[in-house]
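Novice: Please build the complex by placing chains B and C on the supplied structure of chain A, with the hints as guidance.
From first to last, the protein sequence lines are chains A, B and C.
If you read the first sequence in the numbering used here, its first letter stands for residue 65, the second for the next number, and so on.
If you read the second sequence in the numbering used here, its first letter stands for residue 2, the second for the next number, and so on.
If you read the third sequence in the numbering used here, its first letter stands for residue 362, the second for the next number, and so on.
Just so you know, not all the hints are guaranteed correct.
[Unchecked claim] Dumping the calculated DSSO-like pairs for lysine-lysine here, alpha-carbon to alpha-carbon at most 27 Å:
hint, chain 1, residue 1, chain 2, residue 2
1, B, K108, B, K34
2, A, K510, C, K803
3, B, K108, B, K29
4, C, K804, C, K726
5, A, K510, C, K574
6, C, K473, A, K510
7, C, K803, C, K726
8, C, K390, A, K510
9, A, K549, A, K265
10, C, K473, C, K724
11, C, K518, C, K390
12, C, K804, C, K518
13, C, K574, A, K480
14, A, K554, A, K480
15, A, K549, A, K480
[Unchecked claim] Beyond 12 Å from chain B on every Cβ pair, some chain A residues (computed):
hint, residue
16, P136
17, D144
18, A273
19, E521
20, I532
Calculated directly from the structure, the hints in this document are not laboratory data.
Beta carbons: idealized from backbone N, C-alpha and C, even for Gly.
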Amino acid sequence: MTWIWTNAPALPVVLLLPAAIIIPLAALIDRRLARALALAASLAAVALGILNLVRVLADGPVRYFMGGWPPPIGIEYVLDPLSAFVILVVNAIGFLVLLHAGTPVARELPEAGQQVPYYAVAVLMLCGFNGIVVTGDFFNLYVWLEISSLSLYGLIAVGGRKAPVAAFRYLILGTIGACFYLLGLGFLFTMTGTLNMADLKAILPAVSAEPAVAVGLGLIVAGMGLKMALFPLHGWLPDAYTYAPSASSALIAPLGTKVGAYVLIRILFFVFGVGAAAKAFPLTTVVGWLAAGGILYGSVMAMAQRELKRMLAYSSIAQVGYIGLGIGLANPLGLIGAILHVMNHAAMKGLLFLVAGNFRTVLGHSDIARLDGSARRRMPWTTAAFAVGALSMIGIPPLAGFFSKWYLALGAVARKQWVFLAVILVSSLLNAVYFFRVLERVYLVKPDAEEDAPRTEVTASMRIPVLILAAALVLLGVLNAAIVKGVLAKVAAAALF
Amino acid sequence: MTEVLLGHYGYWFIFALVILGFYGMVVKRNLVKKLIGMNIFQVAIIMFFLSSAVKWQATIPIADPALGTSDPDLYISPLQHCLMLTAIVVAVATNGVAYALLIAIHKRFGTLHEDELLARMTHDLDLD
Amino acid sequence: MGTTFASPLPLLAVAVSLAAVPAILLSAKNRNLREFWTLAASLAKFAVVLSLLPAVLDGRLAETRLFELAPGVRLALKADAAGVFFALVASGLWILTSVYNIGYMRGLRERKQTRYYASFAVCLSSTVGVAFAANLLTFVLFYEILTVATYPLVVHKESAEAIRAGRKYLAYTLSAGVLLIAATAMIWLTAGRLEFVPGGFLSGSSLSAGTLKALFLLLLGGVGVKASIMPLHGWLPTAMVAPTPVSALLHAVAVVKSGVFGVVRVTGFVFGPRLMADMEFDTLLAGFAAATILTASLLAFREDNLKRRLAYSTVGHLSYIVLGMALVAPAAAAGSLLHLAFHATLKITLFFCAGAIYVNLHKDKVSELDGVGRIMPWTMAAFTLGAIGLAGIPPLNGFVSKWSLGLGALQAGRPTALALLVLSGILNAGYFFPIVRRAFFKKGAFPPGAREAAPTMVAPLVVTAGLSLALGLYPDLFFRFYRLASAVAASVFGGPGP
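Extracted from the complex, chain A is given alone in its bound form (with noise of 0.2 Å):
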């Protein structure tokens, strides 16, 4: 036990990262290996990450340096709440999607030889958003944020058709943000002489009004702008949801962009600080418009959309919206609203692209036009999860998502930010638009056939993972009270305010 607990924040990567290349190893041996050994893993990893958040709660941060050598010299993964609580997140999110996975994969990638590449790449990604989360050296971030990247790219690209021509445009734009990101961080590394967060945090406050310094940290944000989608940094996320194949927009579209959201909070919030320095090179105030910006167009575009999976991507665009919001009011309440809504949107977008990987597979497609009471009277388990993750998305308490705005507007009012207030509240009015228009369609719309559609609800497989995440929005919206003061309090309480 204190073997596992002196090597715990090191322990998730060290577990997703062998088992990525060992599942195609042992694909050779039985094809289902694969889906079993990858379900295996990111179930350990959910173990391990309710083990370190409970211990990292009672006993406080664990520092863990690889190779044994001390920072600044040796690279140091740490796991604080922040971080515990991210990577629990990813790894239950990544679960649940593994676990929905088996039938979309086997439908949709129905080639041998992409199934058994599929669970590997997915584990890898899940290793390199955890390496993301728990590392605490800035360049050891980036090289897993391309290790995640460059998964993320091959699962989307095993897609339909045009699916390379969406992970290609994706891999050039998030080349770019990766490159931006590093180039930021040779201007920090010039200035202070070091890549590790902890000494970075300690040298900052005296370059701090250095232009490099400021220069650096844009560049940092718009890279990271790149790799969360927000707005107008945007532009592969539609493309790259929608021709993604089901297992795979359901794995990336929940995980991907918090990942950059949580980085931009880690850079922000627990290295740069909301000091004077911010005054003068007022960062997170930029964020926060082009945020609010997001919030809104991401919304109106949602409406006019006509296929499920792209109307939850331009979703996706104003829900990072909310993070990114969060981000800009620069208080704890907002970063507790940030952080809460990374977790509560993870929860809602992973459990709504899993109804849409659902309804593609019983009803073959997934346009709004499409659809009509049949899909109800075929699959009830699956259109009841999907009304209650729209209501979540549009904030009817007690679900999840009204807390997160609860807290965001709560933040707005402490800032006296009226404008982010009102587009945090007709935000959740433009939800209601677009989701009750696939839910009347599901609900109220008879179907053209009269004749008795047979009960063709998913596979148990399938089902439960979509059940849980509608039972865990319940949850989660009730239990909030003690997610933010059991953990984000303490989070927020460690940022540079």
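Specialist: Just chains B and C now, kept in the frame of chain A:
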């Protein structure tokens, strides 16, 4: 003015490379040219890092018995070089994935020119 | 103000109908069993609410404090006098509506009855939640659930018209919810408390006049939509496309009364009479209410569709209650609450009648009602009683509440309000009595064999009409409405206030 230009000529060179690469990625319509732009961009950043490692009249960071190890100013900084080795690996991997995608695109659409690609994609009626 | 004691009863009152939802859904195949669950839940709910009554009359308030909804704000339910009053009305009339529902839904062979009954049960849960909510966040929580749970009922017919009505309904009510959330967030951050206090928890706080004004407008917008204060009333006549029992219980009792109950909470328990008067919110609110009463009464004349006419009448009567709260006088506040209950029994009678006529004769226009009274004497007799009551003529209960409101108007020194009430009474008589005249004194053509509606429909409407009469003769009958209303008024006006 001249001092600003000449004193930092290395940086100006890198800056030009960054702009060139960015231009290629954003403006060029051929996907392979975009990729070439991406490579230039990446190389520019690698050079930027390496340039920060350079010290006047210092030598490569391998312990030389003639110089001893007491004065770090005699060696250029090794850290950036290690970092950039990793960055090069990342760049190579990115290129690998990118070319794989290009092959897939070419197989499906028979072109790598973005405008033609868009035209052929909109002709596809299926949403996938 | 009385003492508070911990008790699970308020929670039970909310939960009992929620617990019935799975039972209803599971017994979808067996409609008798399904309807049994609805009836059982409604009876149990009423019993629980009624069991809270003695304690409240003693000044002891049962309270359930649950987990924290957000740090510092608990999900808390408190059965205070106002809450018990509203919960009694809603849960009591649910029993009758449940009986009526069976006749109505089976009579029309409606589809998707399981969804219908389940949504009904959720609505009632959230209505009682609204009644018992001890703080603003809990109130918002139930208020929003009520919004969503009513939607399936509004669109029940699944026709294009119903879907449009549903959209309009959501547009109005969700926007209102957003305003309410904004106000709640602002109050929590600026005043640091959300707990309802008789006399107003904001009075005595150090908020600036501008903030208070903004808060009042936001809150008013939030509760004003469901309370149908003009110009926020547009959804209500449109929502009449819903099945009649829905209009009866939800659009005359539960949903709209949640809105006016919100007005009661906002004026009496958030701002309080002193702040209302100091900030001149009373004049503002009274102005809106007066305009609504007059306009709605006039618009009611124009409607030939019986249910829409009833809807405009509802809009007008809801504003009686709002006006009562705006007058800032004890008698007016008591009158407000009384009218909340008494308008409920009267209007539900009228809606039941409209539904019975529709199921029986498939007529829904006023102009088609010639001679209906001869075919359906019980129904139209009940209708007549309801109409008399709404016009405010003794000995029906509508007179009692109006009397109290009138007294309040004089207490507040606003005789114009009294004049308005009298005028509105005349207008009410003007748009209701012609219906009665048509039904009884004109001859109509009916298919042979046309007769009175099914007993499951007639019995509830006779009971509600009888109840209206009984409460008019003796307002404290059974449920001590009069004592409860007076207790609320006394607590709001005499309450210590913070």
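Novice: If a hint holds in the structure, say so; if it does not, say that too.
Specialist: Going down the list of hints, with the structure as the test:
{"no.": "1", "hint": "B:K108 x B:K34", "result": "holds, 18 Å"}
{"no.": "2", "hint": "A:K510 x C:K803", "result": "violated, 42 Å"}
{"no.": "3", "hint": "B:K108 x B:K29", "result": "holds, 21 Å"}
{"no.": "4", "hint": "C:K804 x C:K726", "result": "holds, 16 Å"}
{"no.": "5", "hint": "A:K510 x C:K574", "result": "violated, 47 Å"}
{"no.": "6", "hint": "C:K473 x A:K510", "result": "holds, 12 Å"}
{"no.": "7", "hint": "C:K803 x C:K726", "result": "holds, 15 Å"}
{"no.": "8", "hint": "C:K390 x A:K510", "result": "holds, 21 Å"}
{"no.": "9", "hint": "A:K549 x A:K265", "result": "holds, 26 Å"}
{"no.": "10", "hint": "C:K473 x C:K724", "result": "holds, 23 Å"}
{"no.": "11", "hint": "C:K518 x C:K390", "result": "holds, 20 Å"}
{"no.": "12", "hint": "C:K804 x C:K518", "result": "violated, 32 Å"}
{"no.": "13", "hint": "C:K574 x A:K480", "result": "holds, 16 Å"}
{"no.": "14", "hint": "A:K554 x A:K480", "result": "holds, 24 Å"}
{"no.": "15", "hint": "A:K549 x A:K480", "result": "holds, 24 Å"}
{"no.": "16", "hint": "P136", "result": "violated, 10 Å"}
{"no.": "17", "hint": "D144", "result": "holds, 25 Å"}
{"no.": "18", "hint": "A273", "result": "holds, 20 Å"}
{"no.": "19", "hint": "E521", "result": "holds, 24 Å"}
{"no.": "20", "hint": "I532", "result": "holds, 28 Å"}
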